[in-house]
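So the chains spell out like this:
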Amino acid sequence: MVKALTAKTIAKHVVDGKLFILDVRNESDFKNWKIEGKGIKTINRPYFDLIDGVEDILEQLPKEEVLVVCAKEGSSVMVAEMLEEAGINDVYYLEGGMKAWSEYLMPVKIGDLKDGGSIYQFNRIGKGCLSYLVESNGEAAIIDSARTVEAYEDFAKENHLEIKHMIDTHLHADHISGGRRLAEKTNATYWLPPKDAEEVTFSYEALEEGKDITIGHTKIEIQPLYTPGHTIGSTSMIVDGQYLLSGDILFVDSIGRPDLAGKAEDWVSDLRDSLYNKYNNLSKDLVVLPAHFGKISELDEKGAVQASLGELFEKNEGLNIESDDEFRRAVTENLPPQPNAYQEIRQTNMGKIDPSSDEQREMEIGPNRCAITE
Amino acid sequence: MNVKQTLDTKGLSCPMPIVKTKKAMDGLASGDILEVLATDKGAVNDLSAWSKSSGHELLDHKEEDGVFKFWIKKG
Chain A
1 MVKALTAKTI
11 AKHVVDGKLF
21 ILDVRNESDF
31 KNWKIEGKGI
41 KTINRPYFDL
51 IDGVEDILEQ
61 LPKEEVLVVC
71 AKEGSSVMVA
81 EMLEEAGIND
91 VYYLEGGMKA
101 WSEYLMPVKI
111 GDLKDGGSIY
121 QFNRIGKGCL
131 SYLVESNGEA
141 AIIDSARTVE
151 AYEDFAKENH
161 LEIKHMIDTH
171 LHADHISGGR
181 RLAEKTNATY
191 WLPPKDAEEV
201 TFSYEALEEG
211 KDITIGHTKI
221 EIQPLYTPGH
231 TIGSTSMIVD
241 GQYLLSGDIL
251 FVDSIGRPDL
261 AGKAEDWVSD
271 LRDSLYNKYN
281 NLSKDLVVLP
291 AHFGKISELD
301 EKGAVQASLG
311 ELFEKNEGLN
321 IESDDEFRRA
331 VTENLPPQPN
341 AYQEIRQTNM
351 GKIDPSSDEQ
361 REMEIGPNRC
371 AITE
Chain B
1 MNVKQTLDTK
11 GLSCPMPIVK
21 TKKAMDGLAS
31 GDILEVLATD
41 KGAVNDLSAW
51 SKSSGHELLD
61 HKEEDGVFKF
71 WIKKG
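Protein chains in written order, with the working numbering: chain A, 1 to 374; chain B, 1 to 75.
It is possible that part of the hints are untrue.
What the hints assert, rightly or not - Now the stretches of chain A that chain B is said to cover, found in silico as 3 or more residues with beta-carbon under 8 Å:
#	segment
1	1–15
2	42–50
3	58–72
As the list claims (entries may be wrong) - Using 25 Å as the maximum straight-line C-alpha spacing, the simulated BS3-like pairs for lysine-lysine come out as follows:
#	chain 1	residue 1	chain 2	residue 2
4	A	Lys72	B	Lys4
5	A	Lys8	B	Lys62
6	B	Lys62	A	Lys72
7	A	Lys31	B	Lys52
8	A	Lys295	A	Lys8
9	A	Lys12	A	Lys41
10	B	Lys10	B	Lys20
11	A	Lys185	A	Lys352
12	B	Lys69	A	Lys72
13	B	Lys20	A	Lys99
14	A	Lys352	B	Lys4
15	A	Lys99	B	Lys10
16	B	Lys41	A	Lys34
17	B	Lys52	A	Lys114
18	A	Lys31	B	Lys41
19	B	Lys41	A	Lys99
20	B	Lys10	A	Lys72
21	B	Lys41	A	Lys278
22	A	Lys34	B	Lys52
Unchecked claim - If you want the ones that stay clear, here's a sample from chain A, every Cβ over 12 Å from chain B, calculated:
#	residue
23	Ser75
24	Ser76
25	Ser203
26	Glu205
27	Glu208
28	Asp212
29	Thr214
30	His217
31	Tyr226
32	Arg272
33	Lys295
34	Leu309
35	Leu335
Since the hints were made in silico from the structure, they are not lab data.
Just so you know, even glycine gets a beta-carbon here, dropped at the ideal spot from N, CA and C.
Using the sequences plus the hints, can you model the full thing?
As structure tokens, this is what we get:
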């Protein structure tokens, strides 16, 4: 019998394990986006080239432990069964396919807060999206929530937390925010930067400098800092004076792209000012927690993505461009392709369109692509 | 278009649309045109890639009310 592996199990292998993957999606989908990791080996052979038999590829595969992956599961089960019949031991398939992989959120504890409470990073490892849960005295705030809010709901339930605040650092273009939906469900306040919300169809609380958000009795402070550039509203957050949630402005290996709302040239100087002036004036001891990662090598040994601001000012190329001209070119020319369906995703996040949940899953397929480099 | 046979895979999900298309194609002669109806979105990319890799020609495809129609000429 071929066995199912869940996205959760595979996430563990991606962080610190080994796995041989036969990806049976078509070549273009595979090239666009796949499961990656230090100990992951992958070959691609579309399932439709294997309908008559798997003999051709047997010599490229190990004799045991092969994970077959496809878009939704069906084809991987078919190929896995054929491999097992051909004599390979322990053949697995990815339960729910790449769709499930795209949606899995891995919670990783980042650290404790000074007066009790803690902060967790929820790593959507398949898409490179990072969201955060800050908790103190039974209350929680969630920042840059993924569409699949069940992971946060389960976590809150297990840890007896009441979700009080849902915060988006900006209007996302790569994924559909779960912020508004979970806020409605839990009676939490939904925060969005007003400059990103000019066209939204719903009511929200304005996320602005000076409006500190507190959770728990110990007053964990979440302090908004206006840092435009990726979008005109992009707002960073300083949590407990220790953590800088940098949204899509600053990543560990790259910086945010200014073009996804169609105004790259207009926003270049904002982006430069946010990174080179506003961030530069902050304490270099702040731990930067971004909203995305691009490469799996950005994950540390426990699967977290983080770095001190000081370290990033030394190592991140995007923070070390001297001339304004060179910076303009770096953030407007030769950018990677845009995220899949990014215009429809922005419309959805504004409340202007309301796709079905199947359509929403489909829109989010692929990597996040919010940085200027891949 | 002179369609020799129509294959209805509506409601079926991957891999069945292609498995059935392949079977139907095996029964046709070179130059015959097979029309395939499908509702699985993945079929669009997969059928064009499959046609290429197996020497058939995807003449055209379009979407009508959520149903994808493909015309493939056997190579």
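Structure versus earlier hints - violations, ascending order:
1, 4, 5, 14, 17, 21, 23, 24
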